[in-house]
Amino acid sequence: MNCFKRKFFRRNKATATLLCLLMVTFFGCKSTLEVEGNFPTPIINQLPFDVGVIYGQTFSSYKYIEANKDRNKWEIGIGKSQVQLFNTVLGAMFKNVVITDKVGDESSTNFDMFIQPNIEEFQYNLPSETEVKMFEVWIKYNMKVYDGQGQLIADWIQTAYGKTPTAFFQTQEKALNEAMVIALRDLGAGLSIRFVRVPEINDWIKEHDKITTNFVKPKKEAKKKETKNNNKNTLLSKRNSKLLPINNKI
Amino acid sequence: MNIEFKSRYFICSLLIFLLPSCTTVVIDQVQHQATNLKGGDAIVVIGRRSGSDYETEPELISCIGTVLSHGEEGINVIPENDFVDTLYPWFEARTAPTHVQALQRLISYEKIAKVIDDYNVHYIVWVDGNTEKTRGSGSISCGLSPTGVACFGFGTWDNKAEYEASIWDYRTKKLVGKVSSVADGTSYMPAIVVPIPLIAPVQADACKAMGKQLRSFFTNNS
Numbered sequence: 001m002n003c004f005k006r007k008f009f010r011r012n013k014a015t016a017t018l019l020c021l022l023m024v025t026f027f028g029c030k031s032t033l034e035v036e037g038n039f040p041t042p043i044i045n046q047l048p049f050d051v052g053v054i055y056g057q058t059f060s061s062y063k064y065i066e067a068n069k070d071r072n073k074w075e076i077g078i079g080k081s082q083v084q085l086f087n088t089v090l091g092a093m094f095k096n097v098v099i100t101d102k103v104g105d106e107s108s109t110n111f112d113m114f115i116q117p118n119i120e121e122f123q124y125n126l127p128s129e130t131e132v133k134m135f136e137v138w139i140k141y142n143m144k145v146y147d148g149q150g151q152l153i154a155d156w157i158q159t160a161y162g163k164t165p166t167a168f169f170q171t172q173e174k175a176l177n178e179a180m181v182i183a184l185r186d187l188g189a190g191l192s193i194r195f196v197r198v199p200e201i202n203d204w205i206k207e208h209d210k211i212t213t214n215f216v217k218p219k220k221e222a223k224k225k226e227t228k229n230n231n232k233n234t235l236l237s238k239r240n241s242k243l244l245p246i247n248n249k250i
Numbered sequence: 001m002n003i004e005f006k007s008r009y010f011i012c013s014l015l016i017f018l019l020p021s022c023t024t025v026v027i028d029q030v031q032h033q034a035t036n037l038k039g040g041d042a043i044v045v046i047g048r049r050s051g052s053d054y055e056t057e058p059e060l061i062s063c064i065g066t067v068l069s070h071g072e073e074g075i076n077v078i079p080e081n082d083f084v085d086t087l088y089p090w091f092e093a094r095t096a097p098t099h100v101q102a103l104q105r106l107i108s109y110e111k112i113a114k115v116i117d118d119y120n121v122h123y124i125v126w127v128d129g130n131t132e133k134t135r136g137s138g139s140i141s142c143g144l145s146p147t148g149v150a151c152f153g154f155g156t157w158d159n160k161a162e163y164e165a166s167i168w169d170y171r172t173k174k175l176v177g178k179v180s181s182v183a184d185g186t187s188y189m190p191a192i193v194v195p196i197p198l199i200a201p202v203q204a205d206a207c208k209a210m211g212k213q214l215r216s217f218f219t220n221n222s
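Taken in sequence, the protein lines are chains A and B. Numbered continuously in my numbering, the first sequence closes out at residue 250. Numbered continuously in my numbering, the second sequence closes out at residue 222.
It should be emphasised that the hints constitute simulated quantities derived from the structure, not laboratory data. Each hint should be verified, as a subset may be incorrect.
What the hints assert, rightly or not - Partial list, computed: chain A residues near chain B (C-beta under 8 Å):
{"id": "1", "residue": "132"}
{"id": "2", "residue": "134"}
{"id": "3", "residue": "143"}
{"id": "4", "residue": "154"}
{"id": "5", "residue": "158"}
{"id": "6", "residue": "163"}
{"id": "7", "residue": "185"}
{"id": "8", "residue": "186"}
{"id": "9", "residue": "188"}
Note that CB positions come from ideal geometry on N, CA and C, so glycine has one too.
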């Protein structure tokens, strides 16, 4: 009799635990994700500028909280990883990058330009919500670039997109993290390649005459320019040898 | 007697569980030029990630790499992640060269060419495609009772893996050839108390077939 009682309670206990687990799964779910990833240093030619970068509190601790009641509750922390990405990419893009609080601060007049990124929009899709078996992420960044005096040079939208397919035994958090890292890599790629192609920035660089070429100089063009410069230098040296050192610097 | 019956039942269940379903693989190859892979030369296998509604699975790319580098005559394959990370941001989904001419333009940049030269890359293999479920039918229902969970029913589904590899010669900057691998398979899942999955390894078979074909593509001509 005792044995039967024990068995009965054991079974009931197991069932109750299972029911609790199911209830938690279906009704009490809240997924939290702090995006983590490694971002490689881009291969690009460095621009000879001292740059101040302003992240701001909202940006560096940005957290997306799902407000739509029809969707699962998600909290996605992007702040740390996007700051990590910007530090890596901007560090490779410019000669010197310093994190500052304000644009055109009096104490920071030595800066050639200031860069201020901001998130304008964040969207994600889960495979359960679409017909595509893919975790997708879109982020819209607003990039603002100011000169050393705090005058706005350029203001443009830089988009980031990342996707990752569903896989066996992969948690939603891991898959979404992967899609986020791909999106941030896409942002880094877009920013590092597109920066000098933004017309206002290109004009500003030309005006400031610090650099006349794009980020990465093609071999042939570089060689042609080198040959041209050498020819120039030879001609100049023939005309006036005193000018040679200055031309060499340029 | 009871123990013997249980062990037999367990072995039978295990055999059924381990028995994979059948897959049909069709391999196709087009070769424009002979390959010339010498000792010390490396190849890199990269997945195309520019499709809007699919993505070439990273596990397939690493699987092809493993098949190519396996054995005594294994080819020196550079891991995709290493290559893409070192050449960041030039081989990302939206920036990767889509045709050989674009590669030519890309490597006209000194820094990029130097990295690829350091790897001693001779061939770049671009793999495009994915594995997807094409059909599904049947139903399995599971019930919860004080005695535990039990499932009954039968489910079946078809998977199709379709991949195409384009082989670029990095040194001559030409498309050397293409290899395609199409695998079809049907998986079954009968459920009598416990669901027994009989999975058709469609993606794995497509990978093995493509890997072997690529290997013969590189070794038979050299």
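Here is what the structure says about each hint:
The interface hint given for residue 132/A is met, as the beta carbon of that residue sits about 5 Å from the closest beta carbon of chain B, less than 8 Å. Below 8 Å, beta-carbon pairs count as interface contacts, and residue 134/A has one with chain B at about 7 Å; its hint therefore holds. Hint status for residue 143/A relative to chain B: violated, with the closest Cβ pair at about 16 Å, above 8 Å. Interface restraint check: residue 154/A against chain B, minimum CB-CB distance 20 Å, threshold 8 Å, status violated.
The interface hint given for residue 158/A is violated, since its Cβ lies 12 Å from the closest Cβ of chain B, which is over the 8 Å cut-off. The restraint placing residue 163/A at the interface with chain B holds, with a minimum CB-CB distance near 6 Å, inside the 8 Å limit. Below 8 Å, beta-carbon pairs count as interface contacts, and residue 185/A has one with chain B at about 6 Å; its hint therefore holds. Interface hint at residue 186/A: satisfied, since its Cβ lies 6 Å from the closest Cβ of chain B, which is below the 8 Å cut-off.
Against a cut-off of 8 Å between C-beta atoms, the interface hint on residue 188/A holds, since the closest Cβ of chain B lies about 6 Å away.
The structure shown violates the earlier hints numbered 3, 4 and 5.
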